[in-house]
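*Asks:* Sequence:
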Amino acid sequence: MRGFTYLSKVLHSHSSYSKLLVLCSVSTGGLLVYAESNVESGKQVVEQNQPESKKKRVVVLGTGWGGTSFLKDVDISSYDVQVVSPRNYFAFTPLLPSVTCGTRSGEIQFWEAECLKIDPENRTVSCRSGINDNLAGQNDFSLQYDYLVVAVGAQVNTFNTPGVMEHCHFLKEVEDAQRIRRTVIDCFEKSVIPGLSEEERRTNLHFVIVGGGPTGVEFAAELHDYVYEDLVKIYPSVKDFVKITVIQSGDHILNTFDERISSFAEQKFQRDGIEVSTGCRVTSVSDHFINMKVKSTGKHVEVPYGMVVWSTGVGTRPFVKDFMEQVGQEKRRILATDEWLRVKGCSNVYALGDCASIDQRKVMEDISAIFKAADKDDSGTLSIEEFRDVLEDIIIRYPQVDLYLKNKHLLEAKDLFRDSEGNEREEVDIEGFKLALSHVDSQMKSLPATAQVAAQQGTYLSRCLNRWDQCKSNPEGPRHFKSSGRHEFLPFEYRHLGQFAPLGGDQAAAELPGDWVSMGHSTQWLWYSVYASKQVSWRTRYLVVGDWVRRYIFGRDSSRI
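FYI, the numbering for the sequence shown is 1 to 561, going by full-length UniProt numbering.
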């Protein structure tokens, strides 16, 4: 933290140095950090010993996609924003070899520490710095908040499989990528030592990826390119011993994508020599073997390996589980929020990204209240015109209604009023109304745990806080069906922009809105364009693109760092 304070003074005294950037790549062995100061000339850094600000204090836990998107847009003139994160950078996960960090000194205070506990009753968070214990001062401290934003992401889900934590690599942080890179090189270095048998060389050069989702598939493809484009040139004597295996418990890899993409990926991996073992569940991992069960036969198979990367999903962090117990969510698997991202049972705490899930309210839970609010003349029946008057509010409050109408190709409100034989009805009673909407809640879906969702949630929440006073006096949300008035804000609405799956060999697959599927070399260039455009500045775009060009010309750096 002292380093950040000193840096802040330098940036303030030298406006020409208001932007700092260092590039890092796991393949080239550097570190990318991005800092940008928007502080006006002459403005002083806010010190801890200054009088307490009258502004509401917002404490943000985490600097991932959700936290960073929130910090990027929040109005810091209206709030005292403080950030707690064990890492002082932002990992651009689609390009995990490169990482970025943004902080605005004097406006947003940053504490490099880990949150240990949330106390919702006293509105405090207990934290612990991970900085060297030998330095003067204590590591534990607490912060008070008026609003808390929990954006800590999730931890790796091992499903309590024995040996995973001890023997597997993960791919959640930049440090994980660096450890994997060193281990890959170690496997090759060990394999070329004289005196090893062929079986030992094959074992050392067997790279296993557990999990056939987007992360596992992309890593397998990148590893294949790294090995066959670069490493085999340095270690030609062992190139025939290299093997890459993807273990997937489901029937196909990339099973969340369109089946055309899944099939294309499996065919490409087969051509590249990447073995895909579907229908297999890992039961344990030892220091030299993976034990797995083949679902079709029930047989247990023992597989020797040199390195294992575990990529099978995410789980809740311990302090978030503790918080869930405090707010009455101990029976849930993941922290639940309402449609405005407020944690259920704690109105001044918000949660974003992988650590939380929106618990969308069901239409049938409020069906009687909706009917009563729409029945303006208290006739006991609902006309088409009365239903039209509330339909827009219903769709905003319950987005599953809109999905149901689109999936059933129901273009008008009157289409919902048709009887079982398809005949139009001018009005319906409460039972008919319940029947018309009885299947709507089947359209409810949980949002995927992706960077895209977290980033949109962060932007949404910052916009809500920025317009807090305005929307309190002039609510913009849908009407309250169980009471009078309207909700202050529109609920969060996720807009799916598509997803990519890089498959190696300068090929990728993309699933974009409108049921558009693209695969091949052109899609890889689209992938480059999209992720280059998402960098934090033109300078970082130039450096990232430069890193790609350097890789094409000179290959990847294979030194062990």
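Be a bit skeptical, because a hint or two may be false.
What the hints assert, rightly or not - In silico DSSO-like links for lysine-lysine, alpha-carbon gap of 27 Å or less:
{"#": "1", "residue 1": "Lys299", "residue 2": "Lys362"}
{"#": "2", "residue 1": "Lys331", "residue 2": "Lys445"}
{"#": "3", "residue 1": "Lys268", "residue 2": "Lys243"}
{"#": "4", "residue 1": "Lys293", "residue 2": "Lys117"}
{"#": "5", "residue 1": "Lys243", "residue 2": "Lys362"}
{"#": "6", "residue 1": "Lys172", "residue 2": "Lys321"}
{"#": "7", "residue 1": "Lys445", "residue 2": "Lys117"}
{"#": "8", "residue 1": "Lys331", "residue 2": "Lys372"}
{"#": "9", "residue 1": "Lys434", "residue 2": "Lys55"}
{"#": "10", "residue 1": "Lys268", "residue 2": "Lys172"}
{"#": "11", "residue 1": "Lys190", "residue 2": "Lys239"}
{"#": "12", "residue 1": "Lys472", "residue 2": "Lys482"}
{"#": "13", "residue 1": "Lys414", "residue 2": "Lys434"}
{"#": "14", "residue 1": "Lys344", "residue 2": "Lys331"}
{"#": "15", "residue 1": "Lys299", "residue 2": "Lys239"}
{"#": "16", "residue 1": "Lys243", "residue 2": "Lys233"}
{"#": "17", "residue 1": "Lys321", "residue 2": "Lys243"}
{"#": "18", "residue 1": "Lys239", "residue 2": "Lys268"}
{"#": "19", "residue 1": "Lys414", "residue 2": "Lys344"}
{"#": "20", "residue 1": "Lys72", "residue 2": "Lys299"}
{"#": "21", "residue 1": "Lys72", "residue 2": "Lys414"}
{"#": "22", "residue 1": "Lys293", "residue 2": "Lys362"}
{"#": "23", "residue 1": "Lys406", "residue 2": "Lys445"}
{"#": "24", "residue 1": "Lys321", "residue 2": "Lys372"}
{"#": "25", "residue 1": "Lys117", "residue 2": "Lys472"}
{"#": "26", "residue 1": "Lys321", "residue 2": "Lys293"}
{"#": "27", "residue 1": "Lys295", "residue 2": "Lys239"}
{"#": "28", "residue 1": "Lys243", "residue 2": "Lys293"}
{"#": "29", "residue 1": "Lys472", "residue 2": "Lys54"}
Just so you know, these hints were derived from the structure itself, not from any lab.
*Asks:* Of all the hints numbered above, which does this structure not satisfy? Sort the numbers upward.
*Replies:* 1, 4, 5, 7, 8, 9, 15, 17, 19, 20, 21, 22, 24, 25, 26 and 27
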